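Residue numbers (UniProt numbering): 1 to 451.
These are computed hints drawn from the structure, not numbers from a lab. Keep in mind it's a predicted model, so treat the numbers as computed, not measured. Watch out, some of these pointers could steer you wrong.
[What the hints assert, rightly or not] Taking CB as the label site, the calculated pair distances span:
no.	residue 1	residue 2	range
1	P278	S351	48 to 56 Å
2	Q76	P278	44 to 52 Å
3	S293	I231	35 to 43 Å
4	T154	P278	26 to 34 Å
5	G18	R288	46 to 54 Å
From the three backbone atoms N, C-alpha and C, an ideal C-beta is built for every residue, glycine too.
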Amino acid sequence: MSASPDTSPQPRRFIPAGPLTGSIRVPGDKSISHRSLMLGALAVGETRVTGLLEGEDVLATAAAMRAMGATITREQDGTWSIFGVGVGGLLQPAEPLDMGNSGTSTRLLMGLVASHAITATFVGDASLSRRPMGRVIDPLSLIGAEFEASEGGTLPLTLRGISPAVPITYRLPVASAQVKSAVLLAGLNTAGITTVIEPVPTRDHSERMLRGFGAELTVEEVDGADGPERIITLTGEAELKPQTIEVPGDPSSAAFFVVAALLVPGSDLLVENVGLNPTRAGLFEVLRQMGGSIEEVNAREVGGEPVADLRVRHSQLTGIEVDPAIAPAMIDEFPILFVAAALAKGTTTTSGLDELRVKESDRLTAMAQALTGAGASVEEREDGLVIHGTGGARLRGSANSRARTHLDHRIAMSMAVAGLASDDGVLVDDVRPIATSFPNFIALMEGAAAG
1 MSASPDTSPQ PRRFIPAGPL TGSIRVPGDK SISHRSLMLG ALAVGETRVT
51 GLLEGEDVLA TAAAMRAMGA TITREQDGTW SIFGVGVGGL LQPAEPLDMG
101 NSGTSTRLLM GLVASHAITA TFVGDASLSR RPMGRVIDPL SLIGAEFEAS
151 EGGTLPLTLR GISPAVPITY RLPVASAQVK SAVLLAGLNT AGITTVIEPV
201 PTRDHSERML RGFGAELTVE EVDGADGPER IITLTGEAEL KPQTIEVPGD
251 PSSAAFFVVA ALLVPGSDLL VENVGLNPTR AGLFEVLRQM GGSIEEVNAR
301 EVGGEPVADL RVRHSQLTGI EVDPAIAPAM IDEFPILFVA AALAKGTTTT
351 SGLDELRVKE SDRLTAMAQA LTGAGASVEE REDGLVIHGT GGARLRGSAN
401 SRARTHLDHR IAMSMAVAGL ASDDGVLVDD VRPIATSFPN FIALMEGAAA
451 G
């Protein structure tokens, strides 16, 4: 019997097309979408969300919050309505919580559950089940939660929460917005002050949104031994108030179209409504340093988040040495930056990217192999890639080469963009993972290239 369509890889060859022109709008920000569902589910009353990313990762978060008592519905006009249970009101889920491919859902929900007197089992797909959860287990164990995890601290994992939990002061050993957020979310239902010390600033959507929902949260910047640090304090047993949220476009999704427009001759594309939170917009800064024409139009603020439309025009890029200090502000965008570097003039050097080895895939090895197969000149180092660009000439790889995605949506989309800047196209081994974060990616790309 043949495999069902749901489990069979869906290969696709992405080939050069026309210039990217006109205007497009990318789906809502994934980080903000996750958090709006979680905090809406902990507020008393109705939270309404427009622009929510309806990818598989975010839908996994919605399903988990429903399983723990929240009422979450999608209205015909695309608005999402969330009636929350209140902080401390989460219910014991009857079944394991299936996180699919979403590391964000898993780590943040572990924080939420940890300070409630309930038990939850987290399961996920093959890719997620290889990702390390120890970095979240460690601080949540300090508040009193108990864990039974698979070997190596991976899923499947059972968490027994505790209430009352113990407030902690926790210094992040690695730059991780997910670990920071997990500790802060656990602090919501913990009497007293929960403190997170962040040696390297990471995306601050949790802090902005927690404040927006009415949590008592402060952020102080101090001089640490190794440079500036952020000290984030949250007063527990919070009472969250329902909100109306407009989710801006996801800069990580916009990144693929920005790079595609820079690389394809004749392109002049407007990417509308892009969230430009400074902790997320590092890629656009790096691309400008390389000579990319990226203009911010109609800059504004929506729900406490900076937003603008980006006008992107084809540009000759020049390789640079990327400052590792910017990595936390663009950690998810390095795969597509590697594609831009492959077409640049000269050499691009990246370092300090150990974190990329524990994402949905080992993104350093995966991108090095995929780009080499597509005809790029790539050296893989322990903590980054060195890429010698073509100077704007199209990539010329083996016609038989196949880009392996390793079930990683960002590898798939990055190599799709590489196909637009190649002689014979790039064969991506499986486009199914794209649906986790950007369900209409292919249709939007085809539309932009058709003018």
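Cross-check of the supplied hints:
no., hint, in the structure
1, P278 <-> S351: 48 to 56 Å, "violated (22 Å)"
2, Q76 <-> P278: 44 to 52 Å, "violated (36 Å)"
3, S293 <-> I231: 35 to 43 Å, "holds (39 Å)"
4, T154 <-> P278: 26 to 34 Å, "holds (33 Å)"
5, G18 <-> R288: 46 to 54 Å, "violated (25 Å)"
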